[in-house]
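Participant: Residue numbers (the working numbering), protein chains in the order written: chain H, 1 to 176; chain Y, 1 to 139.
Errors might be hidden in some of the hints.
[To be verified] Among the chain H residues that face chain Y by a calculated CB cut under 8 Å, a handful are:
| id | residue |
| --- | --- |
| 1 | E11 |
| 2 | R12 |
| 3 | L39 |
| 4 | K51 |
| 5 | R78 |
| 6 | F95 |
| 7 | A96 |
| 8 | L110 |
| 9 | S151 |
| 10 | R161 |
| 11 | K173 |
[What the hints assert, rightly or not] With a Cα cut of at most 30 Å, we get these calculated DSSO-like pairs of lysine-lysine:
| id | chain 1 | residue 1 | chain 2 | residue 2 |
| --- | --- | --- | --- | --- |
| 12 | Y | K101 | H | K159 |
| 13 | Y | K18 | H | K45 |
| 14 | H | K159 | H | K172 |
Don't read these hints as lab results, they were simulated from the structure.
Glycine included, each C-beta is placed from N, C-alpha and C at the ideal position.
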Amino acid sequence: MVGMPAGLDIERLYDEHAQALYAFLLNLTRDEADTRDLLQEVFVKLARSPKLLAGVREERAFLIRLVHNAAIDLMRRRGTRERTRDNLAACSSPFAPAADPDEELLRNQLAAALVELPPEQRAVAHLKLWEGMTFERIADALDISANTAASRYRYAIDKLRDRLRPLYEEIKKAES
Amino acid sequence: MSDELEQFAQRLGRQPLKPVPPAWRAEILGAARAGQPPRRSRLANVRHHLAALLWPHPVAWAGLATVWIFILALNVSTREATPMVAKQFERPSPEMIGELKKQQRMFAELVGSAEVPDADRPKVLPPKPRSERMRLVAA
Numbered sequence: 001m002v003g004m005p006a007g008l009d010i011e012r013l014y015d016e017h018a019q020a021l022y023a024f025l026l027n028l029t030r031d032e033a034d035t036r037d038l039l040q041e042v043f044v045k046l047a048r049s050p051k052l053l054a055g056v057r058e059e060r061a062f063l064i065r066l067v068h069n070a071a072i073d074l075m076r077r078r079g080t081r082e083r084t085r086d087n088l089a090a091c092s093s094p095f096a097p098a099a100d101p102d103e104e105l106l107r108n109q110l111a112a113a114l115v116e117l118p119p120e121q122r123a124v125a126h127l128k129l130w131e132g133m134t135f136e137r138i139a140d141a142l143d144i145s146a147n148t149a150a151s152r153y154r155y156a157i158d159k160l161r162d163r164l165r166p167l168y169e170e171i172k173k174a175e176s
Numbered sequence: 001m002s003d004e005l006e007q008f009a010q011r012l013g014r015q016p017l018k019p020v021p022p023a024w025r026a027e028i029l030g031a032a033r034a035g036q037p038p039r040r041s042r043l044a045n046v047r048h049h050l051a052a053l054l055w056p057h058p059v060a061w062a063g064l065a066t067v068w069i070f071i072l073a074l075n076v077s078t079r080e081a082t083p084m085v086a087k088q089f090e091r092p093s094p095e096m097i098g099e100l101k102k103q104q105r106m107f108a109e110l111v112g113s114a115e116v117p118d119a120d121r122p123k124v125l126p127p128k129p130r131s132e133r134m135r136l137v138a139a
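One chain only, chain Y, in its complex shape (with noise of 0.2 Å):
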């Protein structure tokens, strides 16, 4: 390095820095005793957080972000179309119910099956007075 160049670089190294503050230093000391974590203010704790977490892949966030924007966006907007797709299927009367099992035996008999349907197949136990059935299991 040149003289010139040697003579002005002294010249930086001449101007003071400032001096650490002198309260810093039972604040630190006391921080470090206690093996607390630094000190911040609430908004900036939100904010050291936030960044820490976002900050590897912040287009990656963005863009989750935006795609549950647009899930939330499109579920307001289909909301009021859901009851009416209810209301189209209405449960069927009684008489259509029974009309549908009457065709059903029909069928059942016309093709022959010897299935009977389980709402008149017979029980194996028929229901009986609680003495009748102390009887039948003695025997």
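Next up, chain H with everything else stripped away, as it sits in the complex (with noise of 0.2 Å):
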């Protein structure tokens, strides 16, 4: 491999990680080309860097915590001219498409919900919803407490549920 520093498997990084990496980016950013620069920019860091990751026990949560930090980076460069809401929640979904129609409606207005979010709740219930994460492992990627990660964790979800419910509850009847 040219100009690959010794000791680091770069592809068994990329195939381990970049997924969770690329829809927790997609979903703070909304933004593929953006989303794209910034895993490429963390990707190359490693690969310049490989000390970054000595010692590191948890790969997955450091990862995040660079492409947050990346994505948070962006964003503040970016600043006043922020798009608005209505902007971002009409670029790119982080979900896939459904083929259910019901589902797919569910996908949209979540994704346009997700968007309303402050960007810390929305990284907070990104990781915790579609990773799994613990809070404790959320408070280690994010650099907050358990404590913070729980209570933004709560209010995202009671966010979410105002936003959704006439639509959840519409497919939740459906169903039974």
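Put the two chains together into one complex; each comes in its own frame, and the hints tell you how they fit.
Facilitator: Structure representation (structure tokens):
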């Protein structure tokens, strides 16, 4: 491998973590091009400085911290020209398309509802709901306390339920 | 968390996420191996660098830009006046210079200054033929 520091299996890292990092970044940025840039930025950084991973026990949590910091930096850089919520909702959804129209509707509304959450709540909700991480691991990944992670999750779920309640109850009724 | 809320969360968690585009693997790993910075279009690159440069203090940069625009505008608006000022101070005529030197000499005589104007001061070594200078050095 040309230019690759010895002792770092970048392919293994990619194969094991890229999917999770991609979904997390896409949920934060809602932009495929930004997600790709950030993902590449992090893998190039790792390839250049393999020492970053020295002594890391939880690779996933560490990588999530790296991409989260990169995404926050990007959002801060954009600051004043940040897209509006409506524009964000119309951009890339983090969910796969569904064959069932009800499920598709739920995914679309969920994608829009997630955009309405503050980024810190969205990050915690994503890691809990789609990564199945404990609050301790989320706290470790996002450099916050476990209590903060738990309260952000609680706020996020309450807001999502309020936002999706009519559709969710309709789907539940149709299923029963 | 209540059972109902827990069920709701589980339902959300079952929604499948988009898979990472397969083509990205080769591109991202290729860039990582080469240690290259992230690939961006030229416009995105310019935008990225500008944003990185300006985002910490946008107001300060805007203020600085305004000051520069003001200075440039001032420069352009006063450019025409400058030659007019220069025209007002034309070189004095040779007669006037002669007259001034005469007055200066008269003033020096009246005051009684021993100093002679530079132009009239005799030179220490008046120019002589080269052979004469050689003889002086030898002596």
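Participant: Does each hint hold? Answer for all of them.
Facilitator: Comparing the hints with the structure gives:
no.: 1; hint: E11; verdict: holds (6 Å)
no.: 2; hint: R12; verdict: violated (11 Å)
no.: 3; hint: L39; verdict: holds (6 Å)
no.: 4; hint: K51; verdict: violated (15 Å)
no.: 5; hint: R78; verdict: holds (7 Å)
no.: 6; hint: F95; verdict: holds (5 Å)
no.: 7; hint: A96; verdict: holds (5 Å)
no.: 8; hint: L110; verdict: holds (6 Å)
no.: 9; hint: S151; verdict: violated (12 Å)
no.: 10; hint: R161; verdict: holds (5 Å)
no.: 11; hint: K173; verdict: violated (14 Å)
no.: 12; hint: Y:K101 - H:K159; verdict: violated (95 Å)
no.: 13; hint: Y:K18 - H:K45; verdict: holds (25 Å)
no.: 14; hint: H:K159 - H:K172; verdict: holds (19 Å)
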